[in-house]
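Engineer: Work from the hints to combine the two standalone chains into their complex.
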Amino acid sequence: MTSARERILGQVRESLGRREGDGSAERAAARIAARAPNLVPARAQVPAAEQVELFLRLAAEVQVSHERVASPADVPVALARYLASHNLPTRVRRAPDPALDALPWASQPLLEVQAGKAEPDDAVSVTGAFAAIAETGTLMLLSGRDSPTTLNFLPETHVVVLRRSQVIGTLEDAWTKLRAHGEMPRTVNFITGPSRTGDIAQTLYVGAHGPRSLHVILIED
Amino acid sequence: MESTAHAFPANAARALTDADLQSALAQLQTGFPAKRAAAAARMPEFERLRDAARDIKDHTLAHLDHYLERYTRAVEASGGQVHWCATAEDARQAVLAICRNAGARTVTKGKSMVAEEIALNPYLAAAGITPVETDLGEYIIQLADEPPSHVIAPAMHKTKDQVSDLFLAHHAKLGKTRRLTEPPELIAEARDVLRERFIKADVGITGANMLIAETGTSIIVTNEGNGDLTQVLPKVHIVLATLEKLVPTLEDAATVLRVLARSGTGQEFSAYTTLSAGPRRPGDADGPVEYHVVLLDGGRSQMLAGEFRAMLRCIRCGACMNQCPVFAAVGGHAYGWVYVGPMGAVLTPLLAGVAEARHLPNASTFCGACESVCPMRIPLPALMRRLREAAFDAGLPPATERSGLALWAALARAPGLYRLGARIGARLLARLGGRAARLRRLPLARGWTGTRDLPAPEGDTFQDLWRERRRARP
Numbered sequence: 013m014t015s016a017r018e019r020i021l022g023q024v025r026e027s028l029g030r031r032e033g034d035g036s037a038e039r040a041a042a043r044i045a046a047r048a049p050n051l052v053p054a055r056a057q058v059p060a061a062e063q064v065e066l067f068l069r070l071a072a073e074v075q076v077s078h079e080r081v082a083s084p085a086d087v088p089v090a091l092a093r094y095l096a097s098h099n100l101p102t103r104v105r106r107a108p109d110p111a112l113d114a115l116p117w118a119s120q121p122l123l124e125v126q127a128g129k130a131e132p133d134d135a136v137s138v139t140g141a142f143a144a145i146a147e148t149g150t151l152m153l154l155s156g157r158d159s160p161t162t163l164n165f166l167p168e169t170h171v172v173v174l175r176r177s178q179v180i181g182t183l184e185d186a187w188t189k190l191r192a193h194g195e196m197p198r199t200v201n202f203i204t205g206p207s208r209t210g211d212i213a214q215t216l217y218v219g220a221h222g223p224r225s226l227h228v229i230l231i232e233d
Numbered sequence: 084m085e086s087t088a089h090a091f092p093a094n095a096a097r098a099l100t101d102a103d104l105q106s107a108l109a110q111l112q113t114g115f116p117a118k119r120a121a122a123a124a125r126m127p128e129f130e131r132l133r134d135a136a137r138d139i140k141d142h143t144l145a146h147l148d149h150y151l152e153r154y155t156r157a158v159e160a161s162g163g164q165v166h167w168c169a170t171a172e173d174a175r176q177a178v179l180a181i182c183r184n185a186g187a188r189t190v191t192k193g194k195s196m197v198a199e200e201i202a203l204n205p206y207l208a209a210a211g212i213t214p215v216e217t218d219l220g221e222y223i224i225q226l227a228d229e230p231p232s233h234v235i236a237p238a239m240h241k242t243k244d245q246v247s248d249l250f251l252a253h254h255a256k257l258g259k260t261r262r263l264t265e266p267p268e269l270i271a272e273a274r275d276v277l278r279e280r281f282i283k284a285d286v287g288i289t290g291a292n293m294l295i296a297e298t299g300t301s302i303i304v305t306n307e308g309n310g311d312l313t314q315v316l317p318k319v320h321i322v323l324a325t326l327e328k329l330v331p332t333l334e335d336a337a338t339v340l341r342v343l344a345r346s347g348t349g350q351e352f353s354a355y356t357t358l359s360a361g362p363r364r365p366g367d368a369d370g371p372v373e374y375h376v377v378l379l380d381g382g383r384s385q386m387l388a389g390e391f392r393a394m395l396r397c398i399r400c401g402a403c404m405n406q407c408p409v410f411a412a413v414g415g416h417a418y419g420w421v422y423v424g425p426m427g428a429v430l431t432p433l434l435a436g437v438a439e440a441r442h443l444p445n446a447s448t449f450c451g452a453c454e455s456v457c458p459m460r461i462p463l464p465a466l467m468r469r470l471r472e473a474a475f476d477a478g479l480p481p482a483t484e485r486s487g488l489a490l491w492a493a494l495a496r497a498p499g500l501y502r503l504g505a506r507i508g509a510r511l512l513a514r515l516g517g518r519a520a521r522l523r524r525l526p527l528a529r530g531w532t533g534t535r536d537l538p539a540p541e542g543d544t545f546q547d548l549w550r551e552r553r554r555a556r557p
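One line per chain: the protein sequences are A and B, in this order.
Throughout the first sequence, residue numbering follows this note's numbering, covering 13 to 233 in sequence.
Throughout the second sequence, residue numbering follows this note's numbering, covering 84 to 557 in sequence.
If you're looking for bench data, these hints aren't it; they were derived computationally from the structure.
Keep in mind it's a predicted model, so treat the numbers as computed, not measured.
Using N, Cα and C, we set each Cβ at its ideal position, and we do this for glycine too.
Careful: at least some of the hints might be erroneous.
[Said to hold, decoys possible] Derived CB-CB ranges, DEER-like:
#1 A/A54 / B/S106: 39 to 45 Å
#2 A/R103 / B/T100: 53 to 59 Å
#3 A/A60 / B/Q110: 40 to 46 Å
#4 A/A118 / B/G258: 21 to 27 Å
Looking at chain B on its own, in the form it has when it is part of the complex (with noise of 0.2 Å):
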């Protein structure tokens, strides 16, 4: 999809006024935090499963090259074939040949974010190929032409009653003409109207939570089953999935299945956990007849060299966005790409640029919530600074904020003349807060004064505070 990445600032002010944004994302507050620390709290050794995931990621991406191997000779030999794409064009591309191929008027597609990466919709659509998204929140969002807010609620920005309104404009051809407001009605409408895209799809597209090494088998996790119709029913299978979702073993799928649901929805396990490997076998009354894997690289591979590979460790289960303070304020819109919250902080200056999205790493608070909950221990914190350090040294910031923090780090190396500035600095602030000791309004600080007073210093600065205390107790 196209980036507004660039546009965060804008993004981010218009979610603040959006009230219907607003209430989705207090909503989400009171939702998955509680439910994935309920699910780390019923599985004692839950903390050293999210070790064991870590470590096990660690090794598949420090022998990347050899399970690669490993797995496409797996899947060859399960009479799968393997698409390897460097760059999205070339994932684009793949699918469209083998849609062709199949001949493929209708493609349904299962929940991939690689999909949504690679803009694959538009792509199809232009072709003659009409995708139909059948996960319950892609469809929403499709019906509504908007990207995904989330990597596992797609459409948890949506209303209730805006789904109402979207099935009734875009279900009225179908003879369904009753605007609904429950949502079981809503569910049993969207099944009625996918089973027959189901039954006539000619190809299905699905992601791929993890591929394994050993078997050659892809995995996808899904609670409605719809990646499961979307596998089974049409000729053809495509998975589409980047370098990184690589594990050596069935067991050690089995250690990322443990973390995944219930850092997410906080599940023990997603209602259905689906491993593939091949098109059906000799005597199988269903199920695909081809299978082919579009394996992207799109910078992945790049990503190994330093010490952003732990971010190849993401598994995508949301749970940094869940409980992070800057997304719970904006949503995932305003981060203006496929990847939101935490992660996509750090992913997305990684896979569309740095120039491109420089203001994401500064969606932060630094609080480390996300991190804290991260399956993968991910240290998101730490990596966002390293891509504020390479804005910085791309010459990104505006002048303003180059001088400001050349200032900064000026003075933050002259201790005297620190403690001079601070002292005359809160006394001036103290002054201009008079009894009230707040500020309403602050020249160079309108950001935080346009919503908010500035409290004014009161007393000493921190460091004769620290110094007098030091001489108290020694």
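Only chain A is shown next, with the shape it has when bound in the complex (with noise of 0.2 Å):
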């Protein structure tokens, strides 16, 4: 008895009309191997500088809050500055990301920073982020080892912090660089505000399933 794979395939390569050596499948392997871009908006292909700033324009679009600050020793204030200005709860859950562990928690003595997967009364969370596409206002987010996913999805507060020059163009910029990063990751996660639903009389509200608040704190390096 044949395979269902190898039934269905038949049937597609039958409507095909598909023949040995017709070309098709070196040209699908070719299409494979080039990974060429199609039409890229000429939107974000910009200078850095304008990358910056069209990304947070988009993001405010959607709901994204952010703020700038000079260096990363200071997000840790910026942080509790945040919390404090939104009544949020002071403890927080980080990625267990060494870029985050490097920052000086401990000039913020009333924050309580815990690093790990998300758990479900986490109320606040802080990662980085892999990428941040000006095209669409969008954050890129790789799980692995120091980004578990749950960060980015149970807490009602997510907070990212982001360097500057972390900042690119184009989705296609951010298969590049995915690329270049190496194996696939389990989950890439483009993030484009905070959750949303218009399932109620189709009227968009902000604050579905994940997290009701996304915002950014920008290093300028």
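Structural biologist: So this is what it looks like as structure tokens:
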């Protein structure tokens, strides 16, 4: 008995009128090998400084707030200020990311910072990002030992620490950077604003199953 | 789900008198189309992106055997497993086997049209496994025990009051006994109730907006984050997808993503676009330990053979139904199956059979609005016309309709007879119309005169006028 796979592929080949040596296998292989960009919108193909502004502007349109800080050392104080001004708890769960390990958390004794994946009762998470895409105001995060995916979805507030140099232009730039990074991670998250739904009475409300607030601390490196 | 597409005329008649539905449909028309138009206007390359997206899908479908094989190898290389399923029954069994193997009692589900197509929920429930829909719209209709009425807004037909009642009826046993009326409160309660389910679920099932052959990746596009919680928390992630979701490369996926949200909700990008490949990697702190793709054919491999291949370009954005005057009048449930609006009018006869769904290709004014906004440039009206022919060839329309068409065809092929008939008919109707030039009742045309007057012809026939004009301006 042939497998379901062989039967389905057989029907596909029959429907396509596939013949051995018709060059189709080579064309498919060549397309994958080439990884050629298709039409790339001009919007984000601008100098790096403009990409940063475009990212912040488009992110703001989808309710992402941000604060700029001069150096990594300023991140803990900026975080403490953000949490206080939004009446949020001072206990935060941060990604076990070496770049976050290195921040001077002790400078903010009121912050209770624990590293690890998100637990159901965590209200605030702090993560880094792999990149930020100017084209659509999108944050890009990869799963991995230093970036548990639950941090991006379980807590009500997600704070992303982003370096200016991580802002890129387009999705195509993102693929280039992803391939250079090495093996595909389990998950690549593109995050464009806090969670939202339009499922009640066709009206859009921010804050569904994922975070209700998304805040970027941008390090002007 | 069980199809009632054969009962489209009765379904539609009922929908026309449903006041709640009519107000929801009126709101739909003021919402999505304007948002789509604004998003398209903001992207100068939008029309060319549509061309590029169509070309990607055409290329992929023409090479689908190779991309399917490449995709399967890539999934396996990342530690996942592909389950090939020829029929809906095969797919249900594959999902159940994975759930049983995981000892699952409850499964959470992200939004999946394929799960609706194969009627997965009742099947799992009958096997003692509780499926929990987590997309807010899908959750609402699961509580109401109804099918979706729109591909991206499944509960668009439900009013806020109806949602309030449903939540009270189903959440009271969880200690939530206050009837909520404000949407933010309702959303917060659903978040609260579903949070527990997310955490306790043994298996998470999502659909896929695309499958990438290059990397063995599945993509989901959502706004709520429910799909992500569905796939990151349980120990098993099942992706339910069909053959035509393939695209070759990440670059190709980017192009499709650029037209998807803009065409559907009018967003630049949905809140969450998530790529998944395989189970969690060594050292990962979270993520599923098993990754399965249940890959359904369900008739697609046969659709590849002819002109209906174009329908396999569909990315389920919902733009066609948002623009359709027939959908705007009768809503999604009238179509009687999972796929609704213009895309459903083509897809349902192809998947559920022309005999079951012969009315659906007639549920069109042929205004062409659907094709004008379809990001994949699917010639929906032309495909509906072909399906009408297929229904006629199969002898499905009743005798009166067939003999009427035969009479028309005979007349149309005899110009002299046609002209004479048109003249006699026009004069007769003009006389019957009287001074008001309107007919309140007409035999054989009660479908028209039942709800409105028929304007009586005035003056000469079109052909006479045409000839006169040609003579005046040689």
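Engineer: I want to verify a distance hint. Is the separation of the beta carbons of A/A118 and B/G258 within 21 to 27 Å?
Structural biologist: With Cβ atoms ~42 Å apart, the hint is violated.
Engineer: Within 40 to 46 Å or not, the Cβ separation of A/A60 and B/Q110?
Structural biologist: holds (43 Å)
Engineer: If you check the beta carbons of A/R103 and B/T100, does the distance land in 53 to 59 Å?
Structural biologist: Holds: the Cβ-Cβ distance is about 55 Å, inside 53 to 59 Å.
Engineer: Note whether the CB distance of A/A54 and B/S106 lies within 39 to 45 Å or breaks it.
Structural biologist: 42 Å Cβ-Cβ, so the 39 to 45 Å window holds.
In summary, the structure is inconsistent with hint 4 from the numbered list given earlier, while agreeing with all the others.
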